[in-house]
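The lines below spell out each chain.
Number of protein chains: 2
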Amino acid sequence: MELDAQQKIKFMQEALYEAQKAAAIAEVPIGCVIVSNGKIIGRGHNLREHSQDVTMHAEMIALQEANAAVKSWRLPDAQLFVTLEPCPMCSGAIINARIKETYYGAPDPKAGAAGSLLNLLEDQRFNHQVKVERGLLAAESSALLKSFFREIRQKRKKSKRED
Amino acid sequence: MELDAQQKIKFMQEALYEAQKAAAIAEVPIGCVIVSNGKIIGRGHNLREHSQDVTMHAEMIALQEANAAVKSWRLPDAQLFVTLEPCPMCSGAIINARIKETYYGAPDPKAGAAGSLLNLLEDQRFNHQVKVERGLLAAESSALLKSFFREIRQKRKKSKRED
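Chains as they are written, first to last, in full-length UniProt numbering: chain S, 1 to 163; chain R, 1 to 163.
It cannot be assumed that every hint is accurate.
Copies of the same chain look alike in the list, so a pair counts if it works inside one copy or between any two.
[Claimed, not checked] In silico DSS-like links for lysine-lysine, alpha-carbon gap of 27 Å or less:
hint: 1; residue 1: Lys-71; residue 2: Lys-155
hint: 2; residue 1: Lys-100; residue 2: Lys-110
hint: 3; residue 1: Lys-158; residue 2: Lys-146
hint: 4; residue 1: Lys-146; residue 2: Lys-8
hint: 5; residue 1: Lys-21; residue 2: Lys-155
hint: 6; residue 1: Lys-157; residue 2: Lys-146
hint: 7; residue 1: Lys-131; residue 2: Lys-110
hint: 8; residue 1: Lys-131; residue 2: Lys-39
hint: 9; residue 1: Lys-8; residue 2: Lys-21
hint: 10; residue 1: Lys-71; residue 2: Lys-8
hint: 11; residue 1: Lys-100; residue 2: Lys-39
hint: 12; residue 1: Lys-21; residue 2: Lys-10
Derived by calculation from the structure, the hints in this document are not laboratory data.
Using the sequences provided together with the hints, build the complete structure.
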């Protein structure tokens, strides 16, 4: 199912809502939703620190939930919305799951594997390519990340002063 | 801890043992172990079909088990042994976990991301590089995969004849 501009914004807002859940528990605020036939079938927010499990990125959790929802590791009709450009691990998982389209908010110049540092999703050498749309609600995604890291720096400064 | 040639073979044999567990339940036979201080702290074999979870590759399962064993998503002193060259998802996870060294058996010309199709593990642009050793017990790993796929083809032929 093709999504119109309004639907795309609505789903990225849901991904941002997931990112806020991560921020609320002091995880780097990254959120993701997966959509099939116009409905959300998987949601996830970054849980790396709470789980101490390196695989617990927002996209991986959302993919696992979507796989469980449709009882299949293949998600060929699905759209994935994530607030930050996926890393190589998540990009690889998105390809493996045969996701049709990926929409991301802010670019990640340090580890982005959907156009910034490298472009796995559109690499013609793999057995599946993913259509990518960049910069959807990028300002909101960036603002959330920036305010999170600013708060961490302020807390660190404060605790240093109290030492 | 540095591993000698005999230890490396021993750990790859353990990875092959994991791959055999996958074959025994009709999963593509790929196995992995993760070693720290000369001891196995994580094991995994491919469970994609049984779980219908796209993330359930041998390496991912072994990484999660190792994370749980040391109660940390970081595994900076660890060595990973896997029978088939890691895909982009698993290579990304190996980088994210700061794994020190990766040893693989058979190369994967279709999706290998540790030297064949691309080389994520040694890419200097990431914040961490992984030392790679290729071709350890490659013949055994390949033979296991080949006999698995041959058996599948024979079963398909047989079931076609019976139709």
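Do the hints match the structure? See the list:
| no. | hint | result |
| --- | --- | --- |
| 1 | Lys-71 - Lys-155 | between (44 Å within a copy, 25 Å between copies) |
| 2 | Lys-100 - Lys-110 | both (25 Å within a copy, 20 Å between copies) |
| 3 | Lys-158 - Lys-146 | within (18 Å within a copy, 60 Å between copies) |
| 4 | Lys-146 - Lys-8 | within (23 Å within a copy, 44 Å between copies) |
| 5 | Lys-21 - Lys-155 | within (20 Å within a copy, 49 Å between copies) |
| 6 | Lys-157 - Lys-146 | within (17 Å within a copy, 59 Å between copies) |
| 7 | Lys-131 - Lys-110 | both (22 Å within a copy, 20 Å between copies) |
| 8 | Lys-131 - Lys-39 | within (19 Å within a copy, 43 Å between copies) |
| 9 | Lys-8 - Lys-21 | within (20 Å within a copy, 43 Å between copies) |
| 10 | Lys-71 - Lys-8 | within (25 Å within a copy, 38 Å between copies) |
| 11 | Lys-100 - Lys-39 | within (15 Å within a copy, 41 Å between copies) |
| 12 | Lys-21 - Lys-10 | within (17 Å within a copy, 44 Å between copies) |
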